[in-house]
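Asks: Now for the letters of each chain:
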Amino acid sequence: MTEARDRAQLDAFRVDAHAVDVRDLMARTVADLYSHLVTRPTGRAVRLAIESQLEELERPALSLVDFSSVAILDYSCADEVVAKLLLVLRSGGVGGRAWVLFRGIREFHRDPIEAVLERHRIQAVLQGEGGGSELMGPADPRDRSLWSRVEAAGRVEASRVPGSLLEAPDDEERLRRLLDHRLVFRHPHKGDILALSALSRELAP
Amino acid sequence: MNVVEIPPSLDYRSLDRLFQVAGSVDGDGKVLLDARHLRWVDPMGMIGLLGVGQNLRDRTGEAPILHLPDGGDVPGYMARMGFHERGEGIFASIQGAAPRRGARPSDVLLEITTISENRHVHELVERVQNRAGIILSRTLKYPPSAVVQFSVILSEVCGNILEHAEAPGWVAAQTYQWSKRLGRQVLVVAVGDLGRGFRGSLTPEYAGRYGDRWSDATALEAAFIHGLTRFPDQGRGHGIQQMRKQVRRWDGVMAVRSGAARIADVPDWEDLPPLEDGLPPFPGAWITLLLPAAPEAGRPAEAGR
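Chains A and B are the protein sequences, given in the same order. Residue numbering for the first sequence is 48 to 252, as defined by our numbering. Residue numbering for the second sequence is 21 to 325, as defined by our numbering.
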């Protein structure tokens, strides 16, 4: 009953789940002959297509960018589709109302993604094929620890944030940083803190 | 007619000699590239020869003639690597023994392929998948994940042609048994173009900062060691860094020749200097990757280099 009410409130705020199959998008925007996410022009085309789709949405959205059908991802494409997309969202692009969760991440995607995140000194939330989420990219260990507590909890009600989530004096600042970097989500009406993975589950049809 | 004698061995080590003799051609008029004594050629030798042909054509305004050996294995091998097709439009004619048509050698990973558009990189990454799997795992004894890593390297190195050279280029790859030097199989990947080169690409942004020290060698160091590019965007320049990292993991060589300089990451088994300057100048960038078989895959010496 509570879950249904929460879901109704989330619906009232109206966040969309925006599913992106990267390979499908590449087929539509670049060429349907190719199956690998390689070269910078290809990555740029895919990123711009994602941004364009997000801009067309009327409501805020959690973009679920799925790499599970991508067999080869090079560094240039990872830079465009992962790092630059995150930088656009962090700087308030597409109306400042989008979050992104990268899904279907396989072992051979990790190296290029990790390299581009390292280069830009940014972080991303990734889900492997098993569904577990991780914060990838260089981060202060205490930021990472706070993110992990949010991830473990899934959703932390607003009233419980100070007591159960914020353990150290500077955790409030750290939480603000995670929010600014769009690595966790704060419900604008209720103030609950949600992990992006939890948000994706709540938005699932 | 200007006659240019091509060295009898053309590989990544003799590229400097090839560029030197090509640079000796002065003025207009027909040029004959006399390669009748050519006895050995590897992927870098072949694309180097294409580069020299195109460069002479651009400089003299006339397509040169290439004369390959009148017999032996070299013309047929070059034909199977796609040299003659790629040479159309570059050479006025390719003379010598008529090339035998037939299947490619089993150890060819990639015939000479022109890179001038984004789709060419996609096509070659698609094309090498099966062959890369066989050669990397069976011949070089690399783990299965190496196919993806190799494809990424190939994509990045060819993407560099499109992004930085602003001119068409070529790529080719084949394995060889380096019995004497290494006692192992080695995959030789050659990538070259006649574009603006590293110095040309970086000069507008960085020449002022380096002042009198600015040269082909410092431009190569800036890109190769420090990851600088002409793009202000922070995400650029890591392709080379990541390639170097992966090639080091495989105990391989990555050497980049541009202008009159060459820079290289070299393992113990290779004796290329890490940085050379004052080489015969030549346009573009010429990248060699040497990927040796995993040590346990080594075989007893047999005929070969």
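What the hints contain is simulated information worked out from the structure, not anything from laboratory work. Predicted model, so just to flag it, every value in this text is computed and none were measured. Be aware that one or more of the hints could be misleading.
To be verified - Incomplete in silico selection of chain B near chain A, CB under 7 angstroms: (1) I85; (2) V141; (3) L160; (4) V168.
Where a beta carbon is used, it is the ideal one built from N, C-alpha and C, also for glycine.
Asks: Give a verdict on every hint.
Replies: Going through the hints against the structure:
1. Below 7 angstroms, beta-carbon pairs count as interface contacts, and B:I85 has none with chain A, the closest being about 36 angstroms; its hint is therefore violated.
2. For B:V141, the interface hint holds, the least distance from its beta-carbon to any beta-carbon of chain A being 5 angstroms, beneath 7 angstroms.
3. A least Cβ separation of about 18 angstroms between B:L160 and chain A goes past the 7 angstroms threshold, and the interface hint is therefore violated.
4. Residue-level restraint check for B:V168 holds (minimum Cβ-Cβ distance to chain A is 4 angstroms; threshold 7 angstroms).
The structure fails hints 1, 3 (numbered hints given earlier, in ascending order).
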